[in-house]
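So the protein lines, in turn, are chains E and U.
The numbering of the first sequence is this note's numbering, which starts it at 74 and goes up by one.
The numbering of the second sequence is this note's numbering, which starts it at 589 and goes up by one.
Just so you know, the hints here were simulated from the structure itself, not pulled from any lab data.
Quick caveat, the model's predicted, so the values are computed rather than measured.
Treat the hints with caution; some may be incorrect.
Cut-off 25 Å, straight-line C-alpha distance, at most; resulting in silico cross-link-like pairs (PhoX-like, lysine-lysine) [to be verified]:
#	chain 1	residue 1	chain 2	residue 2
1	E	142	E	198
2	E	284	U	686
3	E	110	U	686
4	E	117	E	225
5	E	225	U	694
6	U	686	E	198
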Amino acid sequence: MKHFSNRYIFIFSTVMVVAVATLLSLAATLLQPAQEKNLEIEKKKSMLESIRIPATRENTEELYDKYIKESFILDSKGELKEGVDAFNVILRNEQKKPLEEQTLPVFRATSDDGEKVIIIPVEGKGLWGPIYGFVSLRSDMNTIYGATFDHKGETPGLGAEINTPEFENMFFDKKLFENGKFVSVRVIKGGTDPGNPHGVDAISGGTITSKGLEKMLLDCLAKYNDYLLKNKI
Amino acid sequence: MNNQEREPIFSAKNIKLFTAPLGRDNPVTMQVLGICSALAVTVKLKPAIVMALSVTIVTALSNVVIAALRKYIPGRIRIIVQLVVIATMVILVDQFLKAYVFDVSKQLSVFVGLIITNCIIMGRLEAFAMGNKPWPSFIDGLGNGAGYGLILIIVAFFRELLGSGTIYGFPVMEKIGIYHTGYENNGMVILPPMALIFVGLIIWIQRSRDKSLIEK
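With the rest of the complex left out, here is chain U:
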C-alpha cells in the first residue's frame, strides 16, 4: 500500500491508463460502448468536438468523485450513487455552459442531457473508479473520454466531408471546385445508420492492423 502512495504522478502505469483507451482498449471500437451518441452527434464536426470535450470532463470528474467515495459507497446502492454523481455533473456542466459559454451550450442543446445515458461513463465508474484511487481514476476518465472523442471526431470528419462537403463548416468541396465534375454530396452519409458503418470500418481497420485484437 505504502509503495503505491509513493508512485510518481506520471508513472508508466498512469500514462498507460491514458493511452490504452486511445487504441487497444478504445471504449467505442473495442468495448463497443457509447455507440448511440456516436450516431447522433457525428453529422458535423463541431458538435462532435464539443460532445467529446464534455464527455471527457464528465467522465474524469465523476471518476474522481466516485474514487474518493469508493470506501463509503454501500455496494447495494452503488449503481444509484454512480447515476446521481453523473447526473449532477452533467447538470452542473450544462448550467455553467448556459451561463458562461452560451454559444457552445446552444450548439450542444439536447446532447448535454444525453451524456448521462452514455454507457462509457457508468462503465468506467463501475469498472475502474470503484476500485482505484482518485488520481489514476482521473487519468482513466480522461483517457476514455479522449478515446471516445477520437472516434467521434474521425467519424464526424468523414460524414461532414462526404455528406455536406464541408470541414468544420468550411466549404472544402466547393473551394476545390469538384462540383463542376458532376460530384454531388452523398445525402446518405448524413443519415444515422452510416455512422455505424463508419464505426464498423474503423473497427475493421484497427483489427486488421493488430491481429491480437481479434476475439477467438
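Extracted from the complex, chain E is given alone in its bound form:
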C-alpha cells in the first residue's frame, strides 16, 4: 500500500469531513419542508383514525378540515388557555414542564354518526423509544370512541403491534371513570374478558411496550381529569 505523509492524512480527513458535513446539511435543509409536511399529514391522519375515519395520505387534509373543526388548549385545572394553536403543541416538551405550566391540547370533532367527540393526544415511552397516539372520547367524556397509537421504533411483530387495528379496536367503548373516579384503561397480560370496561389484552411478547402504553394513557389522560368531570353530560 502506498505511503502517505501525516500532512496528507490531515488534509484528507479535513476535506472529507467538510465535504460530508456540507452534503448532509444541504440535504437536511433542502428536504426539511417535505419532511415536515409529511409529519403534519401523518398527525392529521392519526387524528382522523382516532375518530374512526380511515384516511389516505392524499385525502387527509380534506377530511381533516371536514371533520375536525375546533381546537383549544387547557391548563391542568381544566381552564381554557390562550396563546398557541393546539395543533402546534409539542407534547414531549410540555411533559418536561411542571404540571401547572403544561398546555393540554384538545380537538373537537363530529364523527359520521353525529357523535360529538373530543380528541386528546397522548405520548409516552415504549421499549426502544417514544410511543404516541390519539384517544377520542364520546360526549359523556368517559367512553372511548376510538384510539390510535404509533411508535418510533418498537420491534416489528411484538411491541410494534400497538398500531394495528386489532389492538386499537379493543379500546372501543372502554370507560375512563368508575363512579366519578379516574381509573383509565389497563393493558392486561394473558388477556381479559372483553366485557371489562377498564381493560384490554396486552400484546404477547410486547410486555414493556404494553406497560408503557398503559402508563402513557394513565399519565396523559389523568391531566384532563378536571376538564372531563366538568364537561361531562
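Here the structure of chain E is known, so what remains is to put chain U in place on it, guided by the hints.
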C-alpha cells in the same frame, strides 16, 4: 491494465461477482455476517424486504465511492473513511425516505440507522472496493446486498407464516381454515433466537447439497 479497461460491462467475471454472493459466497450463510439484523427485521416479510433493498443500495453506493477514492485514501485511516462514507449514505437514504416515501421510512424506523452497523457493508468495502474499480465494486455491492436480502426474505417468509399465520400481511392460515383443526400460530417463531435457527437450517441445507462448501 489496458486489457481490463476494455473489459465488457457484463463480462462473465462481473456477472459472477453478482451471482456468487447469492449462493456459494453468500455473506450470511457462508461468511456469517449481518446476522444481528437478520434477527431483528425478519419477524415480518415487509420490513425484511425494505431492509434488503436499503442494504443493497447502501452497499452498492458506498462500494462505488470507496472504489473511486481508493487510490487517495490513506491506509492508516481507511476504516474511518469507510465508516464516514457508510454513515453518510445511510443518513442520506434516511432523509430521502422521510421526505419522499414516508410510509416506507416509518416501516423501517430504527433499522435504517442499524444499516451502518451491518458488517457486510464494511466487509465489502475493505475486502473488495479498496482494491477494485468502481463498476465491479458496484456489482459486488449489489450482489452482496441481494445475497443478504435473499436470506432475510426466506427467513422472514417462514417466521411470518408460522409465527403470525400471514404472508406479507395476508392472513393465509385463516383463509385456508387451518385454525378449525386446532392449529395455532407458533409464538416461539416470533422470538429472535428462532431467526438464528432458521439461518442455521439454511446453512445446513446449503452445505448438505454442496459438500465442497463444508470447511475441513
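Hints, verified against the model:
1. E:142 x E:198: 30 Å, violated
2. E:284 x U:686: 29 Å, violated
3. E:110 x U:686: 10 Å, holds
4. E:117 x E:225: 17 Å, holds
5. E:225 x U:694: Between residue 225 (chain E) and residue 694 (chain U) the Cα gap is close to 8 Å, so the pair holds against 25 Å.
6. U:686 x E:198: The given pair, whose Cα atoms are some 22 Å apart, holds under the 25 Å limit.
Violation of the numbered hints given earlier is confined to hints 1, 2; the remaining hints are satisfied by the structure.
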